[in-house]
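Engineer: Construct the complete structure from the given sequences, taking the supplied hints into account.
If you're matching them up, the sequences are chains F and V in order.
According to my numbering, the first sequence is numbered sequentially starting from 1.
According to my numbering, the second sequence is numbered sequentially starting from 274.
Hint data in this document are derived by calculation from the structure and do not stem from the laboratory.
All values reported here derive from a predicted model rather than from experimental measurement.
Where a beta carbon is used, it is the ideal one built from N, C-alpha and C, also for glycine.
Any given hint could turn out to be false.
[What the hints assert, rightly or not] Distance condition first, Cα-Cα at most 27 Å in a straight line; then the derived DSSO-like pairs of lysine-lysine:
1) F:261 / V:471
2) V:280 / F:105
3) V:471 / V:280
4) V:345 / F:105
5) V:397 / V:300
6) V:355 / V:380
7) V:468 / V:389
8) V:471 / V:393
[What the hints assert, rightly or not] A short list of chain F residues far from chain V (calculated; beta carbon distances all over 12 Å):
9) 174
10) 186
11) 188
12) 192
13) 264
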Amino acid sequence: MAKKEIIKDPTAKKNIFLVVSRRVFFASASILAFLILWEVAARLKLVSVPAFFPPISKIFGALASEAEKGYLWKNLFISLRRSLLGFFIGLLVAIPLGLLVGWFKTFGDLLNPLLQVFRNLPTLALLPVFVMFFGIGEVSKVSVIVWGVLWYTLLNTISGVRSVDPQLVKAARSMGTGNLRLFGYVVLPAALPFIFTGVRISATVSILILIAAEMMGASTGIGYAMFFYQANFLIPEMFAYIIVMAVLGTGLNFILEHIEKISFRWRDDAGTT
Amino acid sequence: MSVNEGKEKIALRNLRQIYYIRNQQTKRLEEFVALEDFSLSIEEGTFIAIVGPSGCGKSTLLDIVAGLTRSKGGSIEIDGEKVTGPSLNRGLIMQGYALFPWRNVRKNVEYGLEVKRVPKAERKAISQKYIDLVDLSGFEERYPNELSGGMRQRVAIARALAYDPQVLLMDEPFAAVDAQTRETMQDELLRIYAKTEKTIIFVTHSIEEAVLLADRVVVMTPRPGRIREVVDITLPRPRFNADVRVSADYGVLVQRIWELLHEPDVAPAPAGPGEDGVIDIADEILPSAVL
Numbered sequence: 001m002a003k004k005e006i007i008k009d010p011t012a013k014k015n016i017f018l019v020v021s022r023r024v025f026f027a028s029a030s031i032l033a034f035l036i037l038w039e040v041a042a043r044l045k046l047v048s049v050p051a052f053f054p055p056i057s058k059i060f061g062a063l064a065s066e067a068e069k070g071y072l073w074k075n076l077f078i079s080l081r082r083s084l085l086g087f088f089i090g091l092l093v094a095i096p097l098g099l100l101v102g103w104f105k106t107f108g109d110l111l112n113p114l115l116q117v118f119r120n121l122p123t124l125a126l127l128p129v130f131v132m133f134f135g136i137g138e139v140s141k142v143s144v145i146v147w148g149v150l151w152y153t154l155l156n157t158i159s160g161v162r163s164v165d166p167q168l169v170k171a172a173r174s175m176g177t178g179n180l181r182l183f184g185y186v187v188l189p190a191a192l193p194f195i196f197t198g199v200r201i202s203a204t205v206s207i208l209i210l211i212a213a214e215m216m217g218a219s220t221g222i223g224y225a226m227f228f229y230q231a232n233f234l235i236p237e238m239f240a241y242i243i244v245m246a247v248l249g250t251g252l253n254f255i256l257e258h259i260e261k262i263s264f265r266w267r268d269d270a271g272t273t
Numbered sequence: 274m275s276v277n278e279g280k281e282k283i284a285l286r287n288l289r290q291i292y293y294i295r296n297q298q299t300k301r302l303e304e305f306v307a308l309e310d311f312s313l314s315i316e317e318g319t320f321i322a323i324v325g326p327s328g329c330g331k332s333t334l335l336d337i338v339a340g341l342t343r344s345k346g347g348s349i350e351i352d353g354e355k356v357t358g359p360s361l362n363r364g365l366i367m368q369g370y371a372l373f374p375w376r377n378v379r380k381n382v383e384y385g386l387e388v389k390r391v392p393k394a395e396r397k398a399i400s401q402k403y404i405d406l407v408d409l410s411g412f413e414e415r416y417p418n419e420l421s422g423g424m425r426q427r428v429a430i431a432r433a434l435a436y437d438p439q440v441l442l443m444d445e446p447f448a449a450v451d452a453q454t455r456e457t458m459q460d461e462l463l464r465i466y467a468k469t470e471k472t473i474i475f476v477t478h479s480i481e482e483a484v485l486l487a488d489r490v491v492v493m494t495p496r497p498g499r500i501r502e503v504v505d506i507t508l509p510r511p512r513f514n515a516d517v518r519v520s521a522d523y524g525v526l527v528q529r530i531w532e533l534l535h536e537p538d539v540a541p542a543p544a545g546p547g548e549d550g551v552i553d554i555a556d557e558i559l560p561s562a563v564l
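Structural biologist: In structure tokens, the structure reads:
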């Protein structure tokens, strides 16, 4: 993903202030415009039921008061613990399994039909099943996240292992590379970008499933809080938690995308090896 | 020539290789003889070039010598020892470079040394020596995607030289670079060959390249791949593109090989399944586990 930047005049001095403000503007302009539009529309009461559509300023007010009262942090902490736990357990299962399935062809072919069936099950439809097995406590919520997260990383890992350039394998073999080293020195590094993409998608998915799981049966967490305020017609508070979710998902993706960019600077989709 | 002149390094005896290819019309598997009765004795320090039309089994031959494929018949010996698999006493350089994209230039060059379990400090000294030799000093920390085709090929050469194999197997190494770079690379290979005195088997499509580089040019016939003739190249060394190309002997040798490749008394190859692409696919060397 080595983007080639077009440099207009490399000798021209760059105004750092201009560069940074330009970047900030591009990163936030559309979001700001949306929020302003919302504020104006709500204040002018351009919607049929104004009570369901509070202005943004009111929503942020609700958010601040939630934070002040400590509810926000408590809910956030509980939700993050659930999703991170589910996320990491999911990775711990998915990556080793994916490496095995990708590497041992026969094993993979044997297991593949079952994996296809499982991955096509809607995750949330399984929540009642997990509740039945694990009760309504933390275990069922974490395990449904594990399940939902598993497939993206698993399938990416499998395709990563299987799409290793045969020329690289040939080159390594010609230098006397044995099976174990071939796996560690060639197959694994070649598969890593694929695996990481799966991990990044899984992270976002873990938040989505968490929210849904909390809405369906919980007494804490940001998903529950949103659901609770909606049921009690405390609309600004409800929107406040929706904003929290948006920030959480976007932030997570942003961080992981940056890690990806830094770690895989060698990757160049346009060129060959 | 080295002091070891006359000592046999590689003995290829009656090599035979068959692939099974599905006939497009009849849908049946058919035998395709890629290599038939290929025998050659190669002395230590000799530069052998192999020329022949597509599908004459040139690449197949290199894969067999590299130990990546087992031949269906015949045997290979290096220093009197039978070849049973790949080993670091042979270095393979391929047309597609096959550099590890996640390793920078230095780490690519050090790969074979890691397999050999050479200690880290020593590895660095050796890799630097070969990076300098192929004229890539200053690019040690670059990744392959930041290099041009010619530079990548030089990294591939340095990687193969670094673990000091006695035999270099080169499979059309310069086919993917532009004409200018190709000439530079040829001169560089001549320089490296003079410095290192490796035994080299060099497969190429280009008659001119074969004559410029080699001590002996093996001319092959296609389907099945057999040796038509081995032509001794008597041009004096050291050689350089600029000098060799204008010499009269060079023209005569190129013409002689050209005629060998085009002589009509060779039975025309039967058209059919033995297309290039098919052979390449059958040629693929992979542990079954990876596919």
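Engineer: Assess, step by step, whether the Cα of residue 471 of chain V is no farther than 27 Å from the Cα of residue 280 of chain V, and give holds or violated.
Structural biologist: Given that 27 Å is the threshold and the Cα spacing comes to 13 Å, the pair holds.
Engineer: Given the hint that residue 468 of chain V pairs with residue 389 of chain V, does the C-alpha gap stay at or below 27 Å?
Structural biologist: 23 Å, holds
Engineer: Hey, residue 345 of chain V versus residue 105 of chain F, does the alpha-carbon distance stay inside 27 Å?
Structural biologist: 26 Å, holds
Engineer: Assess, step by step, whether the Cα of residue 261 of chain F is no farther than 27 Å from the Cα of residue 471 of chain V, and give holds or violated.
Structural biologist: With Cα atoms ~42 Å apart, residue 261 of chain F and residue 471 of chain V exceed 27 Å; violated.
Engineer: If we take the beta carbon of residue 264 of chain F, is the closest beta carbon in chain V still more than 12 Å away?
Structural biologist: With a cut-off of 12 Å, residue 264 of chain F comes too close to chain V, as the shortest Cβ separation is near 8 Å.
Engineer: Starting from residue 355 of chain V, check that the Cα of residue 380 of chain V is at most 27 Å away, please.
Structural biologist: Answer violated: residue 355 of chain V to residue 380 of chain V is near 31 Å, above 27 Å.
Engineer: Is the Cα-Cα distance between residue 397 of chain V and residue 300 of chain V 27 Å or less?
Structural biologist: Between residue 397 of chain V and residue 300 of chain V the Cα gap is close to 54 Å, so the pair fails against 27 Å, i.e. violated.
Engineer: Does the claim that residue 188 of chain F lies outside the interface with chain V hold up, using a Cβ gap greater than 12 Å?
Structural biologist: Non-interface label fails for residue 188 of chain F: nearest chain V Cβ at 10 Å, not farther than 12 Å.
Engineer: Can you confirm whether the C-alpha distance between residue 471 of chain V and residue 393 of chain V stays at or below 27 Å?
Structural biologist: This hinted pair holds, its Cα atoms lying about 25 Å apart.
Engineer: Residue 186 of chain F: least C-beta distance to chain V exceeds 12 Å?
Structural biologist: At about 7 Å from chain V, residue 186 of chain F fails to clear the 12 Å cut-off, so the statement is violated.
Engineer: Please verify whether residue 280 of chain V and residue 105 of chain F have alpha carbons no more than 27 Å apart.
Structural biologist: 45 Å, violated
Engineer: For residue 174 of chain F, which was marked as not at the interface, is the minimum beta-carbon distance to chain V over 12 Å?
Structural biologist: 4 Å, violated
When the structure is compared with the earlier hints, violations turn up for hints 1, 2, 5, 6, 9, 10, 11, 12, 13 and for no others.
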